[in-house]
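Participant: Respectively, the protein sequence lines represent chains C and X.
Take 1 as the starting number for the first sequence in my numbering and just add one per residue.
Take 1001 as the starting number for the second sequence in my numbering and just add one per residue.
Where hints are given, some of them may not hold.
Using C-beta positions, here's what the derived DEER-type ranges look like [claimed, not checked]:
#1 X:LEU1018 with C:ARG9: 29 to 37 Å
#2 C:LEU97 with X:THR1303: 48 to 56 Å
#3 C:ALA62 with X:LEU1018: 18 to 26 Å
#4 C:ASP48 with X:THR1303: 55 to 63 Å
#5 C:GLY46 with X:LEU1335: 38 to 46 Å
#6 X:PHE1422 with C:ALA62: 32 to 40 Å
#7 X:PRO1212 with C:GLY46: 19 to 27 Å
#8 X:PHE1409 with C:SER3: 50 to 58 Å
#9 C:SER3 with X:ALA1003: 46 to 54 Å
Take a look, some chain C residues computed to stay more than 12 Å from chain X by CB distance [claimed, not checked]:
#10 GLN5
#11 LEU8
#12 LEU11
#13 THR54
#14 VAL55
#15 SER57
#16 LEU69
#17 SER78
#18 VAL83
No lab work stands behind these hints, which were simulated from the structure alone.
It should be emphasised that the depicted structure is a prediction, and the values quoted were computed from it without experimental measurement.
Beta carbons are placed, not taken as given, at the ideal position from N, Cα and C, and that holds for glycine.
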Amino acid sequence: MASAQSSLRLLDAGRIVLRVVGIAVGAYVASAALVAAAVALLILAGVDKRDAFTVCSILGFAVYVALALWAAAVRRLSVLFGVLGLTTVLGAALGFLPAFVGRA
Amino acid sequence: MGATVRESLNWLHTWTGLVVGVLLFAIVWTGTLCVFDREIDRWMNPSTRLVYNGEPVSIDGLRAEAEKLAPRAAPWAIVLPTPRDPFLWIGYRARTGFDRKFFDPATLKPVTAPESWAGTRFLFPFHYSLHIKIWNLGTWLVGFAGAAMVALCVSGVIIHRKIFADFFTLRRSRQPQRLLLDLHNGAGTLGFLFHIVMAFTGLTILASVYFPSGVWVAFDGGRAGYVRDTYDVFSRPRLGQPGGPPASLDAMVETARKEWDRLGPGLVRVFHDGDANAYVEARPSIEREVEMRTDPIYFDAATGAVLHRTQIRPTSQFQQYLTGLHFVQFRHWTLRWLFFGLGLLGCLLIATGFLFWVESRRKAHEAAGRVAGLRLVEGLAVGSTMGLVVATFAFFVINRLLPSGATWFGAARYELEIWTFFAVWLLAFIHGWLRRGSVAWSEQCWVAAGLAALAVALNALTTGDHIPRALANGKLAVAGMDLMLLAAVAAAAATAWRLHRRRLFAAPERRHPHHPLGSQVP
Chain C
1 MASAQSSLRL LDAGRIVLRV VGIAVGAYVA SAALVAAAVA LLILAGVDKR DAFTVCSILG
61 FAVYVALALW AAAVRRLSVL FGVLGLTTVL GAALGFLPAF VGRA
Chain X
1001 MGATVRESLN WLHTWTGLVV GVLLFAIVWT GTLCVFDREI DRWMNPSTRL VYNGEPVSID
1061 GLRAEAEKLA PRAAPWAIVL PTPRDPFLWI GYRARTGFDR KFFDPATLKP VTAPESWAGT
1121 RFLFPFHYSL HIKIWNLGTW LVGFAGAAMV ALCVSGVIIH RKIFADFFTL RRSRQPQRLL
1181 LDLHNGAGTL GFLFHIVMAF TGLTILASVY FPSGVWVAFD GGRAGYVRDT YDVFSRPRLG
1241 QPGGPPASLD AMVETARKEW DRLGPGLVRV FHDGDANAYV EARPSIEREV EMRTDPIYFD
1301 AATGAVLHRT QIRPTSQFQQ YLTGLHFVQF RHWTLRWLFF GLGLLGCLLI ATGFLFWVES
1361 RRKAHEAAGR VAGLRLVEGL AVGSTMGLVV ATFAFFVINR LLPSGATWFG AARYELEIWT
1421 FFAVWLLAFI HGWLRRGSVA WSEQCWVAAG LAALAVALNA LTTGDHIPRA LANGKLAVAG
1481 MDLMLLAAVA AAAATAWRLH RRRLFAAPER RHPHHPLGSQ VP
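Chain C extracted, bound-state conformation:
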């Protein structure tokens, strides 16, 4: 009984650690990927690269805070990491692929 309780407590602690990682790191990585994607798309659309970076990086902080708040509020950890992971992968692909293709 005691061991079941302590493993339950360990599980809870693990969930909290994962949640904190999601809020502090996951939300940041996703927002950085979104900034990269937005900058790349704006440049492709013909916007000056300096304008694209300045605007997207400033908005990026608001995106980070919004994602962090969402990461704290969302019920399931699987949804949290699913959405943040997908955002990161898609954002990084959109942001960095054109550069890699261009340089190849």
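Based on the hints, put chain X in the right spot on chain C.
Facilitator: Just chain X now, with coordinates in the frame of chain C:
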């Protein structure tokens, strides 16, 4: 982490506030002091307590001096005076590294170099980097705390159902947590816009550091490429042939002044001095506009002809506006005092948040016998808030006690001041953990009051610039600093006295909650 969004955000607000609170208080406190960084510089470096009324200064007379100081290969610069920084200085690369030589703008005679890092070189870098340079860790920690502050502001609003009613509520109840919560809510609502704008603009200043992903996508050469392209930096290589006689720097400044719509000059920098490709960069003074514009104009050093007029995008100008709003270096004393007051309100917000965490858990934790965490946070709260205030005042006191040129174990005078600051801060944490709760608070308040009073007395004794004399001589920075220290004496002593009285009149069981005889102790 809760059943509803509001509960989850309450959880986030509580624990982010606790974990990031220590860092956040250090950033907000030093940021608040940095509103008056130049005034702190004047107070801590008496040789620079000059009075400058804003008259244009001729810098051609300093050229010979600069050429004597600086090796020809490296650029050198003349930084012009402002009423808040009432001296000129030549910055150059000496054999030992970057160095500066100071001059009185009225006479162009040398002034003894400042010995303390004071506000602009100690408190200001502490505010944005905590002086942790390894892997740029300090800057990232401060950035994280800034984002956390924005998240705290937003979640703080969401978790309050009655934000309007809370704003007008201050329950001076005997229960400390109720008063603390009302103070926390009041300070949070009153300063909401300021705190969120300061946290956000603090982040946008270093957007290119915090979002390297966007820099990699847009610019070749990383951050250096970003700076070159965004700020339209001009440069040309050294030719290796001797150049003609140099043209007048004053004439270049005059041309630049017309281009800048009558803004005064802030900095004049000479590159490749003596070479045929030598050139001069002139930048405006930033004290007349909110926007912290660099706006350099480049001249040929021999002919004085304009080589390049920098053009930056309106988006970057907007970012410079946000930067200027955060730096508050523009000349507007009402706003400067407002920033200072709202900064102090931010300190109150963080400190009361900490204390509310402790007080709202005290009964339950003590009843359950789980006091270790409570004690840890109690000590952390005292050390990180009042302890930092005590350390700051100790920094001022040691500045007036150390003789000029003092060294100890190879450390220069400015380093001794900084070590004193950190040593006192560490002691305050230890004291906070040993003495605990309101006893620690009131004792540290008494120490802060004593140190602030001592700083004022030592300033008068060692420099002769007591308040009436400083006022009579136009040294408003010195008098202002002394007056603020006296206000701090009054505030700290009043707080200490109230805490002392509250302990004296508290119910016996609350006075000795852990005494073996409990409430039987008279």
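Participant: With d taken as the least Cβ-Cβ distance between LEU69 of chain C and chain X, does d exceed 12 Å?
Facilitator: 6 Å, violated
Participant: Find the nearest Cβ of chain X to the Cβ of THR54 of chain C and say whether that gap is larger than 12 Å.
Facilitator: 4 Å, violated
Participant: Taking C-beta pairs only, is VAL83 of chain C more than 12 Å away from all of chain X?
Facilitator: 16 Å, holds
Participant: Taking the CB of GLY46 of chain C and the CB of LEU1335 of chain X, does the distance hold inside 38 to 46 Å?
Facilitator: 40 Å, holds
Participant: Does SER78 of chain C really sit off the interface, with its C-beta more than 12 Å from all C-beta atoms of chain X?
Facilitator: Fine: 15 Å to the nearest Cβ keeps SER78 of chain C off the interface.
Participant: Determine whether the non-interface label on LEU11 of chain C survives the test: each CB of chain X must be over 12 Å from its CB.
Facilitator: Given that every Cβ of chain X is farther than 12 Å from that of LEU11 of chain C, nearest at about 14 Å, it holds.
Participant: Looking only at beta-carbon atoms, does the pair PHE1422 of chain X, ALA62 of chain C fall within the given range of 32 to 40 Å?
Facilitator: Given about 35 Å between the Cβ atoms, the range holds.
Participant: Quick one: work out the minimum CB distance from VAL55 of chain C to chain X and report holds if it exceeds 12 Å, violated otherwise.
Facilitator: 6 Å, violated
Participant: Is the Cβ of SER57 of chain C farther than 12 Å from every Cβ of chain X?
Facilitator: Contrary to the label, SER57 of chain C does not stay out of reach of chain X, its closest Cβ about 4 Å off (not over 12 Å).
Participant: Regarding PHE1409 of chain X and SER3 of chain C, is the given constraint of 50 to 58 Å on their beta-carbon distance met?
Facilitator: Check passed, 55 Å falls within 50 to 58 Å.
Participant: Between ASP48 of chain C and THR1303 of chain X, does the C-beta distance stay in 55 to 63 Å?
Facilitator: 33 Å, violated
Participant: Is 46 to 54 Å respected by the C-beta to C-beta distance linking SER3 of chain C and ALA1003 of chain X?
Facilitator: 28 Å, violated
Violation of the numbered hints given earlier is confined to hints 1, 4, 9, 13, 14, 15 and 16; the remaining hints are satisfied by the structure.
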